[in-house]
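The task is simple: from the sequences and hints, build the whole structure.
Each step along the sequence shown adds one to the number in this note's numbering, with nothing skipped, and position 124 is 118.
No wet-lab data here; the hints were simulated from the structure. From the three backbone atoms N, C-alpha and C, an ideal C-beta is built for every residue, glycine too.
Under the rule of at most 20 Å between Cα atoms (straight-line distance), these lysine to any residue pairs were calculated in the SDA-like manner:
#  : residue 1 : residue 2
1  : Lys206    : His216
2  : Lys178    : Gln150
3  : Lys196    : Tyr209
4  : Lys142    : Arg132
5  : Lys82     : Arg99
6  : Lys82     : Gln67
7  : Lys4      : Tyr146
8  : Lys196    : Gln217
9  : Lys142    : Asn170
10 : Lys178    : Tyr199
11 : Lys178    : Gly202
12 : Lys206    : Ala190
13 : Lys82     : Thr72
14 : Lys141    : Ser129
15 : Lys196    : Val165
16 : Lys82     : Glu117
17 : Lys196    : Lys206
Derived Cβ-Cβ restraints for the label pairs, each shown as a range:
#  : residue 1 : residue 2 : range
18 : Ala138    : Cys20     : 42 to 50 Å
19 : Val165    : Gln67     : 36 to 44 Å
20 : Val165    : Cys20     : 30 to 38 Å
21 : Ala211    : Asn73     : 41 to 49 Å
22 : Thr113    : Ala48     : 35 to 43 Å
23 : Thr113    : Lys141    : 13 to 21 Å
24 : Lys143    : Asp189    : 22 to 30 Å
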Amino acid sequence: KRAAELHDEKLFRQPESSHFGDCPICLIPLSLDRSRRNMLNCCSNIVCDGCSYANDLRQLEERLESTCPFCRQSTSDTNEEAEQRQMKRVQVNDPVAIREFGLARYYEQDYTRAFENLTKAVELGDVTAHFTLSSMYRAGQGVAENKKKEIYHLEQASIGGHFKARHNLGVEEFQNGRIDRAVKHWIIAATTGDDASLDVIKRGYGQGFVGKEDYAAALRAHQAA
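Here it is in structure tokens:
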């Protein structure tokens, strides 16, 4: 019983930010909007669009060579060059590069290689890889369907700040009749900035399974995210 309590304490703790973390240049939390952040294949960092724009503008005005805003390597001119850089990062056990390589195999439906690389990324501490593995266990993609492992990876991703994983955990709990736990998950995800979870909370308030105070708090936190 005590172990379960400790697990829940860890699971329901509000993360400081989403799994994207902060921009390594300006240290502002990265946006959940994919169009407002950029992944750099040379160093596997993710920077905000503001820092990317400032770097591009400086290089244009000063007629400088196009370089990474973080590590200052020259930017890739071709897809082949970008892939070569990614493989260099994979070879030095960069968890982000390994995860991205695994995701590329996943979208190609090469589930065996996807599973192998995503599992390695998880071992190296990558949060997004946990989320994709949960999807693979749910759908039986390259592995046998396994609800227990699906939930394990969803929980690990949620603890790491993955808002989609947190939303899915809420759906899982709701379907199993554990409404209070579901609402807790959705409030945490909405506080991180997740629109889908806030929408569920709004509907829950209208249907009576989300309290007025919880709805108001989630709305304020979402707006501030």
